[in-house]
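Participant: The listed protein sequences derive, respectively, from chains R and W.
Residue numbers 82 to 505, in the working numbering, belong to the letters of the first sequence in order.
Residue numbers 394 to 818, in the working numbering, belong to the letters of the second sequence in order.
Take these hints with a grain of salt, some might be off.
As the list claims (entries may be wrong) - Derived contacts from chain R toward chain W, CB cut-off under 8 Å, selection only:
| id | residue |
| --- | --- |
| 1 | Pro86 |
| 2 | Ala322 |
| 3 | Gly354 |
| 4 | Thr361 |
| 5 | Arg364 |
Derived by calculation from the structure, the hints in this document are not laboratory data.
Where is the CB? At the ideal position from N, CA and C, for every residue including glycine.
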Amino acid sequence: MSESPINAPTIEVLPGGMRLLLQPSTINDIVATAVFIPLPGAIVSPAEAGLVSFLHSMLLRGTTSLATAELNEAIESLGMNIGSAASTDFSAASLVCTADTFATGVSLLGDVLLNPSFEPEEIEKERQSTLAHLRASDDDKFSVTLRRLAREMYGDHGYGMPSAGYPENVREFRREQLVELHQLGINPSTMLAVCFGNFSPDEARELFAQHFPVRAHGAEPLAISPPHHIAPSHVHIARTAEQAFVAIGFPTAPVTSPDHAALRVLGGVLGEGMSSRFFTDLRDKQGLAYATGCFTSSMVHAGSLTGYIGTKPESRETARDGMLRIFEEIRHTPVSYEELERTRNYIIGKFLIDHQTNLRRANYLGQYETMGLGLGYDEKFPQLIRAITAEQVQDVAQRYLTHPTVVELSPTDPTDELPLPVAP
Amino acid sequence: MKLNRLQNGLTVAIKRVPNKVVTLDAWVNVGSANETPDLNGVSHFLEHMMFKGTPTYGVGDLDKTIMNVGGVWNAGTSKDFTHYYVTVAAPFFQKALDAISDMMQHALIDADEFAREKNVILEEYRRKQDSPWGMLFDELYMATFAEGPYRNSVLGSFESISNLQRDDMAAYYRAHYQPNNMLFCVIGDVDPDEALKAVDTAFNSPPPLDPARLHPAHQPSPTVYGSPTSRTIQRDVFETYVAMAFPAPGIHQPADVLALDIASIILGSGRSSRMNRILHEEQRVANSVSAGSPTHRSESMFYVAMTTEAADTEKATTLAGEILNGMASTAPPTEAEMAKARRNLRNDIQFGTETNTGQSSMIGYYYTLTGSTDFLDQYIERVDSITADQVADVVQRHLTVAPVTLILQPGSTSNATPTPQTLEN
Chain R
82 MSESPINAPT IEVLPGGMRL LLQPSTINDI VATAVFIPLP GAIVSPAEAG LVSFLHSMLL
142 RGTTSLATAE LNEAIESLGM NIGSAASTDF SAASLVCTAD TFATGVSLLG DVLLNPSFEP
202 EEIEKERQST LAHLRASDDD KFSVTLRRLA REMYGDHGYG MPSAGYPENV REFRREQLVE
262 LHQLGINPST MLAVCFGNFS PDEARELFAQ HFPVRAHGAE PLAISPPHHI APSHVHIART
322 AEQAFVAIGF PTAPVTSPDH AALRVLGGVL GEGMSSRFFT DLRDKQGLAY ATGCFTSSMV
382 HAGSLTGYIG TKPESRETAR DGMLRIFEEI RHTPVSYEEL ERTRNYIIGK FLIDHQTNLR
442 RANYLGQYET MGLGLGYDEK FPQLIRAITA EQVQDVAQRY LTHPTVVELS PTDPTDELPL
502 PVAP
Chain W
394 MKLNRLQNGL TVAIKRVPNK VVTLDAWVNV GSANETPDLN GVSHFLEHMM FKGTPTYGVG
454 DLDKTIMNVG GVWNAGTSKD FTHYYVTVAA PFFQKALDAI SDMMQHALID ADEFAREKNV
514 ILEEYRRKQD SPWGMLFDEL YMATFAEGPY RNSVLGSFES ISNLQRDDMA AYYRAHYQPN
574 NMLFCVIGDV DPDEALKAVD TAFNSPPPLD PARLHPAHQP SPTVYGSPTS RTIQRDVFET
634 YVAMAFPAPG IHQPADVLAL DIASIILGSG RSSRMNRILH EEQRVANSVS AGSPTHRSES
694 MFYVAMTTEA ADTEKATTLA GEILNGMAST APPTEAEMAK ARRNLRNDIQ FGTETNTGQS
754 SMIGYYYTLT GSTDFLDQYI ERVDSITADQ VADVVQRHLT VAPVTLILQP GSTSNATPTP
814 QTLEN
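Work the whole structure out from these sequences, hints included.
Facilitator: So this is what it looks like as structure tokens:
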């Protein structure tokens, strides 16, 4: 095997307080930058759900020095990608460009993040786009099912609300709200910028010092509180569709919990990859579905393990009961060594393979730090997974797979609340 | 990158990338374009069945083998090709090679597994029907191509899938999965010479009886484009989806293909594109808009896709037509637009090949369609040589005719038979 052309990462604090994590690499001619901002998408009240996402969309609709069309032209004429979005626990902006346009890219990224103009006409255009996006989201029935599951599990907490909000909210967003949120939530002194790729560290330091100057406002990171406990529920959504969807969610633990790695392995055994239990049982053996599996969501204040399936409407109950059976079995039957080893290897392998692009590397480096896991977590994660035992998997299965919340979507008569199916 | 031809006819592309992982990507020169109506869907169904075991690997063992070494794998079927790709940490190259080479040469296509998997395929069919864009584009292909290789959907119809027989699939497998009808890519952290030796050993199938089978044995009927039309489909949707299609050249007309690639960037890629600027930003009759030029081996299509308010659909499609006519006559591409398009196409290749699978996908796609990698190797150089006049000319010749326009809008479900384009396993 050849020697890696990737340098070790370094971190420093710029005079204004912005943290800069730099990892030069000559593996290609691309530079990826990810800027992590302590502005959680989940920070808003139900009436303001979607406001943080709306703010991010507005960042790309003109700055105090560049009108929207000029900004678009400046970015796209150089073939670069600039994006900005909110996740539940933080916000992040990104820049992907070729090495020769890195300086221009950082300048544009700084302008986008720090100097948005929030022109009233642009707000109206974005409102129209966002409302159209929400309508299109409602045309994706699997997504409808999962969003309802989050709502059932977290209620009015930010974790339970769709990141793009609700139409009734979006229609009411005002310029003053955006200006205020921008002032409170976006300040270089609280940001972590990560650069991975073909750049000079000295140049990067200069560029970020120049284009991300100190701001007086918004010097404190915004934080959210943990969600309250919500009783499990069983909900049915009636929609005309060729397939029915079932999503079953269990509350688990936050990303910083000592159980996090064991929960990842549990999720892997149940529903990641073609050898997982969901895939081999529900798809391969029973032919119930094309798409079925499990995923784990790990947030700062909560976590969940979700199983899903899309199946023909007449198989919905069989599929749902099959999912519940698989969840129940793993609580009582230990995972074999072969299955454990295969799942651990799969999770670690997938994690490493997912580090191929410069932007993914920058994101991995920054997101763990932003979520309170520390800068070294990217290196540590494979070791944590490797150390998980069958006993630990069964232990987390027994403790967490106890109270399922079930959401079903199918083209039958609507029933608001159904009795819970078999409670494991 | 090294291209090699083994004695049995298998072409092997090897490229070293020092990133600690390796991708093995087997491309077969067969897709739905090769299917007769009776066998519509067999290429895709076969792709599923390939994972179901060989005499050496029992049912499920192939998946377990790859997962055991932390690898990820999948496959995709399209109109012109089918490919199978696996990525593993570089030390597990041989293990992955053993699995994928055995699968490509010795798939069992077990009858019981076939019967079970048919239900999975039918679920995939249902799933596609619930996807607004997936469903609309399948309809668009059927309306654009009255006859020819690309009218048929990749997935097949509910009826054709239901009627497929195991033995027909096995015969289809034997006919098309021959070494001289395949390309095998190795992209990653391996020694190219050692990798080639290993591939030569692993792919030890004898040469096929018909050594000329590099391009499809079954010659589908020539393409006949459908008449321009405008049709509305109603479904349980909230947004209105619009797709316009124009006949466009296949890859055998490279100058036109490249000019249309440039046109698609100027017209409908990104916020600064003409369509986005006029339809979305200025006139506000489209909520989103894009344009694209999916290139096939023979006659293809160019499309404009939009989401709109139902009331704005007519105005949006009329304006789109005016923009196309304008580019062909009074408003040809500016030098700034040409420079932007060239830059974006160059960066698309650079960004798209950051991953090993990105590289193998590009190599495999162009090799399968043309029989060489010249098109890809010369892509940037040739794009740079295309002039604004050539782009205006290609728009004039191909995109100023009356299109096929399909509109999917909210309402009671109407009859339509959707079929997807590129399907992942």
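Participant: Against which earlier hints does the structure fall short, listed by number upward?
Facilitator: Violated: none.
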